[in-house]
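From first to last, the protein sequence lines stand for chains A and B. Convert by adding 66 to the 1-based position in the first sequence; the result is the number in this note's numbering. Convert by adding 50 to the 1-based position in the second sequence; the result is the number in this note's numbering.
The hints are simulated quantities; they were obtained by calculation from the structure and are not laboratory data. Glycine residues also receive a C-beta, built at the ideal position from the N, C-alpha and C atoms. Errors might be hidden in some of the hints.
[Claimed, not checked] Facing chain A, from chain B, some residues (calculated, C-beta under 10 Å): (1) E98; (2) F102; (3) N156; (4) Y157; (5) Y158; (6) G163; (7) G165.
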Amino acid sequence: DIQMTQSPSSLSASVGDSVTITCRASQSISTYLHWYQQKPGKAPKLLIYGASSLQSGVPSRFSGSGSGTDFTLTITSLQPEDFATYYCQQSFNTLLLTFGGGTKVEIK
Amino acid sequence: QVQLQESGPGLVKPSQTLSLTCTVSGGSISSGAEYWSWIRQLPGKGLEWIGFIYRSGSPYYNPSLGSRLFISIDTSKNQLSLRLSSVTAADTAVYYCARVKRGGGNYYFDYWGQGTLVTVSS
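Construct all of the structure, not just a fragment, from the sequences and the given hints.
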């Protein structure tokens, strides 16, 4: 199995801040890495696919980067609606898709 | 706009079989290159991929669940189904169906159902 480790597990930030979430794979996954946002009681929402491609309709303050084993999701100018939990997911091993443990972004 | 809606019992007894259906609207489950998937989220925990299926192909299962799992697709009803046998309390979770968008080695979930909570309890 490819293990996906996110850090931090939670963070506190203020509206207008820039935040960066890290996702590390247990082996190289090229750029087969995707990011989701989940709000309480809701289904996850796709933000970024292929490590850096912005899903249609997602604000440009979200960006992704990385390749190999280390990836980041950056949110610039955090907005009130961005407080949520974020997950990464790998698809290098298409027979066992795995998610990171999540990063909760809370209001400071 | 593709929409997915899960349905099924919210309560299942231990050792019985959990059965869920996902109805797809706004698009045909039998066209395109997408796969169709089930994902679950244990209470207060992260996400676990259960398996996926292509419109006319064999399903692929998470090995940790494989022997208890059956995923099927009914193109005439535009529905995806999940059966998980011999359930225990550890299978209590919110179950989501989702569309899998594929491109090269990118397999990602671009449309999700709202999720349905299934509790395993006697």
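Hints, verified against the model:
For the restraint placing E98 of chain B at the interface with chain A, the shortest Cβ-Cβ distance is roughly 7 Å, inside the 10 Å limit, so the hint holds. Because the beta carbon of F102 of chain B sits about 8 Å from the nearest beta carbon in chain A, less than 10 Å, this interface hint is met. About 5 Å separates the beta-carbon of N156 of chain B from the nearest beta-carbon of chain A, less than 10 Å, and the hint is met. Annotation: interface hint on Y157 of chain B holds; nearest CB of chain A at approximately 4 Å, less than 10 Å.
The interface hint given for Y158 of chain B holds, since its Cβ lies 4 Å from the closest Cβ of chain A, which is under the 10 Å cut-off. Proximity of G163 of chain B to chain A holds as hinted, the smallest CB-CB distance being about 7 Å (cut-off 10 Å). With its C-beta approaching chain A no nearer than about 5 Å, G165 of chain B sits inside the 10 Å limit, and its interface hint holds.
Going through the hint list in order, the structure satisfies each hint without exception.
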